[in-house]
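Participant: Protein chains in written order, with this note's numbering: chain U, 552 to 919; chain P, 552 to 919.
For the record, the hints were derived by calculation from the structure and aren't laboratory data. Please read these numbers as outputs of a predicted model, since none were measured by experiment. It is possible that some hints are incorrect.
Cross-link-like lysine-lysine pairs, in silico, BS3-like; alpha carbons within 30 angstroms at most [unchecked claim]:
| # | chain 1 | residue 1 | chain 2 | residue 2 |
| --- | --- | --- | --- | --- |
| 1 | U | Lys663 | P | Lys777 |
| 2 | P | Lys740 | U | Lys663 |
| 3 | U | Lys648 | U | Lys690 |
| 4 | U | Lys777 | P | Lys659 |
Far from chain U, some chain P residues (derived; all Cβ distances over 10 angstroms) [unchecked claim]:
| # | residue |
| --- | --- |
| 5 | Gln623 |
| 6 | Ala760 |
| 7 | Gly778 |
| 8 | Asp788 |
Covered stretches of chain U, as calculated for chain P (at least 3 residues, CB under 8 angstroms) [what the hints assert, rightly or not]:
| # | stretch |
| --- | --- |
| 9 | 648–662 |
| 10 | 785–798 |
| 11 | 830–841 |
| 12 | 872–878 |
Yeah, the Cβ is synthetic: ideal placement off N, Cα and C, and Gly gets one too.
There are 2 protein chains.
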Amino acid sequence: MTNFAELNTKKMSSTYTSNLRIEKAATSKLKDVNFENIAFGKTFTDHMFMCDFVNGEWQQPQIMPYQPMTMQPSARVFHYGQAVFEGMKAYKDDDGKVFLFRPEENFKRINKSSARLAMPEFPKDYFFEGLTTLLNLDKDWIKPGVGNSLYIRPFAIAIDPAIAAAPGESYRFMIICAPAKAYYKGTVKVLIAEQFSRSANGGVGYAKAAGNYAAQFYPTNLAQQKGYQQVIWTDADTHTFLEEAGTMNVFFRINDTLITAPTSDRILDGVTRKSLIQLAEDNNIKCEVRPIKVNEIVEASKNGSLKEIFGAGTAAVISPIEGFEYQDTYYELPEIGAHSYSSMLKERMLNIQHNLAEDKHHWRYEIK
Amino acid sequence: MTNFAELNTKKMSSTYTSNLRIEKAATSKLKDVNFENIAFGKTFTDHMFMCDFVNGEWQQPQIMPYQPMTMQPSARVFHYGQAVFEGMKAYKDDDGKVFLFRPEENFKRINKSSARLAMPEFPKDYFFEGLTTLLNLDKDWIKPGVGNSLYIRPFAIAIDPAIAAAPGESYRFMIICAPAKAYYKGTVKVLIAEQFSRSANGGVGYAKAAGNYAAQFYPTNLAQQKGYQQVIWTDADTHTFLEEAGTMNVFFRINDTLITAPTSDRILDGVTRKSLIQLAEDNNIKCEVRPIKVNEIVEASKNGSLKEIFGAGTAAVISPIEGFEYQDTYYELPEIGAHSYSSMLKERMLNIQHNLAEDKHHWRYEIK
Ligand SMILES: Cc1ncc(COP(=O)(O)O)c(C=O)c1O
Ligand SMILES: Cc1ncc(COP(=O)(O)O)c(C=O)c1O
Numbered sequence: 552m553t554n555f556a557e558l559n560t561k562k563m564s565s566t567y568t569s570n571l572r573i574e575k576a577a578t579s580k581l582k583d584v585n586f587e588n589i590a591f592g593k594t595f596t597d598h599m600f601m602c603d604f605v606n607g608e609w610q611q612p613q614i615m616p617y618q619p620m621t622m623q624p625s626a627r628v629f630h631y632g633q634a635v636f637e638g639m640k641a642y643k644d645d646d647g648k649v650f651l652f653r654p655e656e657n658f659k660r661i662n663k664s665s666a667r668l669a670m671p672e673f674p675k676d677y678f679f680e681g682l683t684t685l686l687n688l689d690k691d692w693i694k695p696g697v698g699n700s701l702y703i704r705p706f707a708i709a710i711d712p713a714i715a716a717a718p719g720e721s722y723r724f725m726i727i728c729a730p731a732k733a734y735y736k737g738t739v740k741v742l743i744a745e746q747f748s749r750s751a752n753g754g755v756g757y758a759k760a761a762g763n764y765a766a767q768f769y770p771t772n773l774a775q776q777k778g779y780q781q782v783i784w785t786d787a788d789t790h791t792f793l794e795e796a797g798t799m800n801v802f803f804r805i806n807d808t809l810i811t812a813p814t815s816d817r818i819l820d821g822v823t824r825k826s827l828i829q830l831a832e833d834n835n836i837k838c839e840v841r842p843i844k845v846n847e848i849v850e851a852s853k854n855g856s857l858k859e860i861f862g863a864g865t866a867a868v869i870s871p872i873e874g875f876e877y878q879d880t881y882y883e884l885p886e887i888g889a890h891s892y893s894s895m896l897k898e899r900m901l902n903i904q905h906n907l908a909e910d911k912h913h914w915r916y917e918i919k
Numbered sequence: 552m553t554n555f556a557e558l559n560t561k562k563m564s565s566t567y568t569s570n571l572r573i574e575k576a577a578t579s580k581l582k583d584v585n586f587e588n589i590a591f592g593k594t595f596t597d598h599m600f601m602c603d604f605v606n607g608e609w610q611q612p613q614i615m616p617y618q619p620m621t622m623q624p625s626a627r628v629f630h631y632g633q634a635v636f637e638g639m640k641a642y643k644d645d646d647g648k649v650f651l652f653r654p655e656e657n658f659k660r661i662n663k664s665s666a667r668l669a670m671p672e673f674p675k676d677y678f679f680e681g682l683t684t685l686l687n688l689d690k691d692w693i694k695p696g697v698g699n700s701l702y703i704r705p706f707a708i709a710i711d712p713a714i715a716a717a718p719g720e721s722y723r724f725m726i727i728c729a730p731a732k733a734y735y736k737g738t739v740k741v742l743i744a745e746q747f748s749r750s751a752n753g754g755v756g757y758a759k760a761a762g763n764y765a766a767q768f769y770p771t772n773l774a775q776q777k778g779y780q781q782v783i784w785t786d787a788d789t790h791t792f793l794e795e796a797g798t799m800n801v802f803f804r805i806n807d808t809l810i811t812a813p814t815s816d817r818i819l820d821g822v823t824r825k826s827l828i829q830l831a832e833d834n835n836i837k838c839e840v841r842p843i844k845v846n847e848i849v850e851a852s853k854n855g856s857l858k859e860i861f862g863a864g865t866a867a868v869i870s871p872i873e874g875f876e877y878q879d880t881y882y883e884l885p886e887i888g889a890h891s892y893s894s895m896l897k898e899r900m901l902n903i904q905h906n907l908a909e910d911k912h913h914w915r916y917e918i919k
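Using the sequences and the accompanying hints, generate a full structural model.
Facilitator: Here it is in structure tokens:
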């Protein structure tokens with residue numbers, strides 16, 4: 552875990568001299584926001600971070616009032632979807648201290664995504680200095696307490712005005728922030744994919760590439776029409792192995808063992824997923840990382856050994872799944888309430904994130 | 552083939568009353584353009600077409616001077632790649648008449664793409680009225696003669712300012728135009744994909760979805776470093792069947808038979824491809840539409856029966872392939888020059904497009 556002091560030292564000796572330019576908003580929109588009733592991802596804080604890549608170099612990074620921007624209709628992102636993103640959260644404790652959760656993982660992942668999309672990697676010191684300064688400016692937007700957070704969206708897009716189907720030369724890296732409550736309300740019913748797929752072997756499924764998400768909207772709409780909030784994707788070859796949900800990795804509990812699919816070039820390496828695997832170990836819960844056949848959970852459901860399914864991701868934290876449909880049959884999960892692994896793990900996770908529990912793996916990253 | 556008179560009649564009785572608003576450019580940029588030396592997709596004509604979808608309806612369509620536009624950083628297209636496009640060309644004959652080639656196919660295809668990306672379909676009369684009016688305004692940008700054309704880029708993007716991972720409610724449909732010479736210069740060497748893939752079964756490969764293209768940039772870069780301009784994609788499951796290239800379908804000639812892969816949910820149903828299949832029939836060339844194993848063309852190359860490979864697409868028309876690499880071996884195609892099917896079919900195609908030959912299938916669509 553890199554801390555910011557280290558980063559600053561590193562920055563001095565790096566070829567990047569960040570020289571972050573800051574333009575503060577004249578007034579804050581904060582007073583107009585009703586935090587009790589906030590829709591996910593529609594309200595943004597007072598400031599945003601922006602840095603352009605031109606002529607082979609990242610230019611001066613800037614923080615400025617959150618505002619619209621001017622784009623050419625020919626900008627490559629509109630035509631070829633050359634865009635990647637991340638999703639992180641900031642949490643506040645009762646003393647007003649602000650924390651991120653394993654931000655280094657998100658930093659590494661956005662650069663991994665960028666590499667796969669033929670986009671330039673973003674410098675680490677720019678990322679952490681931008682993030683820290685932005686969160687300090689907008690920290691009043693983070694409400695303390697479990698259930699509240701500030702959703703942080705770093706993203707990068709190709710902006711050159713040229714529609715040849717080839718990587719661009721100009722890019723924009725941005726960070727915008729939106730106050731958030733829980734993402735999915737209540738429990739979730741899911742449909743297991745039998746026809747549509749999310750990603751291919753040798754494709755971009757492991758990257759947070761923009762186009763991966765639009766590709767899921769139509770099949771997810773169809774699932775919703777049948778009463779399912781989400782789709783659990785299966786492998787595109789055979790549709791027999793369980794992979795992940797739209798924005799969550801998935802865990803299955805059979806008897807007292809958790810199982811989750813291994814990551815691959817089709818599956819996103821989720822920060823929540825890897826943290827839960829560690830937390831399971833810390834709490835003496837057996838967790839197997841291995842391919843899982845749909846039939847295995849169908850059988851387990853039939854014989855009563857399937858106890859829980861839950862999704863895991865930054866936006867949703869842990870999202871318990873109430874039941875699933877596969878081959879026109881609906882399988883309901885038993886109600887185990889307070890004894891569930893999902894509620895226990897969720898509580899431990901949130902307590903670490905909100906500085907309410909010991910952080911033995913150094914996952915918290917305080918914003919100073 | 553719908554003609555515009557019919558469309559106009561239909562429009563009258565449709566629920567859409569287009570009422571196209573036109574704002575002309577004060578001056579033309581045309582005089583500043585050197586048509587002899589024009590890079591693909593970087594220079595745009597004086598006008599563009601724009602129509603927004605808001606509150607469940609397409610709003611008044613507009614033609615206006617080509618110009619940048621304002622976008623929210625939270626616009627869904629930046630985050631989730633909800634964007635589709637088309638590629639068409641306009642040609643001018645020596646009498647100054649302007650023609651499109653099978654534009655109905657592009658119109659149908661962009662709506663097919665939109666449906667798969669959970670985007671609203673665009674009304675036919677808006678599309679054709681917009682296109683016709685735009686081309687009439689900018690017709691001086693189309694130079695007569697074979698080899699010249701105006702590349703037309705209809706596209707649609709999700710513009711609502713909200714980063715929940717779900718389909719948007721606001722969209723923008725646009726048409727921009729760029730004068731074009733031949734897209735690929737000279738012959739092309741290709742690498743046959745063994746590891747990376749373009750699309751999955753049950754995915755969005757058959758749609759002109761923006762994200763499909765960014766996903767190809769990195770593997771194509773790697774191929775270029777090895778001296779290959781393009782990748783020929785294979786099926787993601789086994790990498791043993793030949794599919795298509797980045798922006799072209801592919802034809803193989805073994806002895807005197809052409810072979811091209813069938814379209815599927817992974818392969819774009821190209822207008823050039825389907826026109827060439829017809830032209831082959833018209834010219835008594837046998838053309839088989841069937842799965843083709845990589846090994847089949849490797850064997851055919853070894854025993855001398857593989858005569859030609861060429862790509863087919865609107866941008867490149869027909870692009871002869873000089874050789875291919877597969878499993879670290881380079882296979883060179885024989886030089887058959889003027890006797891090739893590719894040059895014969897390309898000439899027939901261009902002659903139809905440029906009003907120099909009979910158009911027995913009614914593919915030309917005159918802009919009046
Ligand atoms: C496809 C996909 N899977 C899983 C996740 C969960 O990853 P993380 O726990 O890092 O948020 C996300 C999003 O965040 C995702 O987009
Ligand atoms: C993936 C892909 N395949 C094939 C083609 C060729 O299609 P068309 O002949 O309609 O231009 C295109 C582009 O135009 C394409 O993007």
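Participant: The structure should be examined with respect to each hint, and the outcome stated for every one.
Facilitator: Each hint tested on the structure:
1. A C-alpha spacing of about 22 angstroms is found between U:Lys663 and P:Lys777, which places the hinted pair at or below 30 angstroms, so the restraint holds.
2. Among the hinted pairs, P:Lys740 with U:Lys663 is consistent with the structure: their alpha-carbon atoms are about 29 angstroms apart, no more than 30 angstroms.
3. In summary, the hint linking U:Lys648 to U:Lys690 is supported, as the alpha carbons are separated by about 9 angstroms, within the 30 angstroms threshold.
4. Note on U:Lys777 and P:Lys659: the hinted pairing holds, with a Cα-Cα distance of about 28 angstroms set against a maximum of 30 angstroms.
5. Not every Cβ of chain U is farther than 10 angstroms from the Cβ of P:Gln623; the closest lies at roughly 5 angstroms, contradicting the non-interface assignment.
6. Listed as a non-interface residue, P:Ala760 fails to keep its Cβ farther than 10 angstroms from every Cβ of chain U; the least gap is roughly 6 angstroms.
7. The non-interface label for P:Gly778 is consistent with chain U: the shortest C-beta to C-beta separation is roughly 16 angstroms, beyond 10 angstroms.
8. Against chain U, the non-interface label of P:Asp788 is violated: not every CB pair exceeds 10 angstroms, the least being about 5 angstroms.
9. Evaluation of the coverage hint for the stretch 648–662 of chain U: breached, as 0 residues show C-beta separations to chain P shorter than 8 angstroms, against a requirement of three.
10. Counting residues of the stretch 785–798 of chain U whose beta carbon lies closer than 8 angstroms to any beta carbon of chain P gives 5, which reaches the threshold of three, so the coverage claim holds.
11. Check result for the stretch 830–841 of chain U against chain P: violated, 0 residues qualifying (beta carbon to beta carbon below 8 angstroms, three or more required).
12. Closer than 8 angstroms: that is the beta-carbon criterion, and the stretch 872–878 of chain U has 0 residues meeting it against chain P, so the requirement of 3 is violated.
Hint compliance for this structure: hints 5, 6, 8, 9, 11, 12 are not met, and every other hint is.
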